Amino acid sequence: METPDIKVEWDPKKFTEGEKSTIEIHLEIPEGIHIQAHKPAEDLLIPTNISLKDSGNVSFGQPVYPEPKRLPVSWSQVTLLVYEGLVNIQFPIQVAKNAKVGKHTIEGRLSFQGCTDQLCLPPKEQVFVLDTEII
Amino acid sequence: MSEEATSLKLSFKLGEKLDFSLSDIEGKNISLSDYRGKVILAFFFTTWCPYCSAEAPYLEKEVWQKFKNKGVQVLAIDVLETKELVEKMRKKFNWTFPVLLDTDGRVTKKFAPEKEGLSPEVAIINSHFILDSELRLRYYEYLNMERFDARARATIKKLEELLAE
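If you read the sequences in order, they're chains A and B. Going left to right, the first sequence walks through residues 1 to 135 as this note's numbering numbers them. Going left to right, the second sequence walks through residues 1 to 165 as this note's numbering numbers them.
Check each hint, because a few of them may be wrong.
To be verified - In silico lysine-lysine, DSS-like type, Cα no more than 25 Å apart, as pairs:
| # | chain 1 | residue 1 | chain 2 | residue 2 |
| --- | --- | --- | --- | --- |
| 1 | A | 39 | B | 88 |
| 2 | A | 124 | B | 70 |
| 3 | A | 124 | B | 66 |
| 4 | A | 39 | B | 91 |
| 5 | A | 124 | B | 83 |
Calculated directly from the structure, the hints in this document are not laboratory data. On a predicted model such as this, the values are computed, not experimentally measured, just so you know.
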């Protein structure tokens, strides 16, 4: 089983020139899989990291990750910090005052490592593209 | 072993004599046959595997420290990672048993179940294999979180059984 992609969506999708606001990225983690949180329980574990690429039209601040779910591991002393299901991550966005009006794409990268109840899947980095419009 | 383990397609059998050689983290060549006469617990892991980290203290404290003077040998086998990364894990958990590096995955391929769409290096992670003093495979179990507790107990029980033989 290869590590499946995580579906990435976002909103809002339209911005005005010069706008400063917050966008929300939605990660849809496949059922049965949990991924390590941005700050995982142990330092050797692979954190979830997401980044969005600035362009000449928009720039992004640092993402704000949600509180993870605590997942105790049976008899061990470890409680994993994970995300599962739908996860929302917020990014500050600044649209340039002279941003080009029209449709644009934003490139992003998501890296993570997930497990099911029976497998630990290798770390993955996926590239994604989000469609937006400057009006 | 778990019922599930019995239904997997494997390239080995219980009772089969097994041997392999790998370099340990210090670069020394280690063979299973170096430990003939001991009951061997081999544990396959990666540094990024959360369940491996969860189990790491148990392997040192509950298995190795309690059984090393009774005739048990613990071997941790890392799958496809660098020495530097593995050393971090060894130091973090104060592992004092040998840590071997399967850098080309050939030992992993031998012990991993065959399943379409599942690479050996994923299938093998967090598995236990126990060999008796004649290097015969007597127990194995792959990761299954529903049996994480049960496997920890089963491993200890099998070690005790084989030591009593």
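Subject >> Violations among the numbered hints, reported as their numbers in ascending order >> reply: Of the numbered hints given earlier, those the structure breaks are 2, 3, listed in rising order.
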